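K.L.:
Sequence:
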Amino acid sequence: MFGKPLSQRSLLDKAIFASVTAMLAMNVFVLAQQLHTTPAFAQAEQSASAQLG
22 MFGKPLSQRS LLDKAIFASV TAMLAMNVFV LAQQLHTTPA FAQAEQSASA
72 QLG
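Reading the sequence shown from the start, the letters are residues 22 to 74 in my numbering.
Do not take every clue at face value.
Cβ-Cβ distance ranges computed for the label pairs, FRET-style [unchecked claim]:
no.	residue 1	residue 2	range
1	Q29	A65	51 to 57 Å
2	S68	L33	30 to 36 Å
3	A71	L32	30 to 36 Å
4	R30	A53	28 to 34 Å
Hint data in this document are derived by calculation from the structure and do not stem from the laboratory. Note that this is a predicted model, so its numbers are computed, not measured. C-beta atoms are modelled at their ideal positions from N, C-alpha and C, and glycine is treated no differently.
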């Protein structure tokens with residue numbers, strides 16, 4: 022699977038590659054969103070979860 026060029030791979034191999042790429046992209050996007058939260062929002066979110074638990 023890893024030794025062949027992309028044009029010679031099967032449709033299943035291409036689907037697996039697309040799925041893994043999409044999951045990685047989503048994880049990077051979510052991580053970037055979490056890093057840009059303001060401290061006030063993070064504190065409010067933390068106190069709200071503390072009240073629930």
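K.L.:
For each hint, tell me whether it holds in the structure or not.
P.N.:
Status of each hint after checking the structure:
no.: 1; hint: Q29 - A65: 51 to 57 Å; in the structure: 53 Å, holds
no.: 2; hint: S68 - L33: 30 to 36 Å; in the structure: 48 Å, violated
no.: 3; hint: A71 - L32: 30 to 36 Å; in the structure: 49 Å, violated
no.: 4; hint: R30 - A53: 28 to 34 Å; in the structure: 30 Å, holds
Violated hints, in rising order: 2, 3; the structure is consistent with all others.
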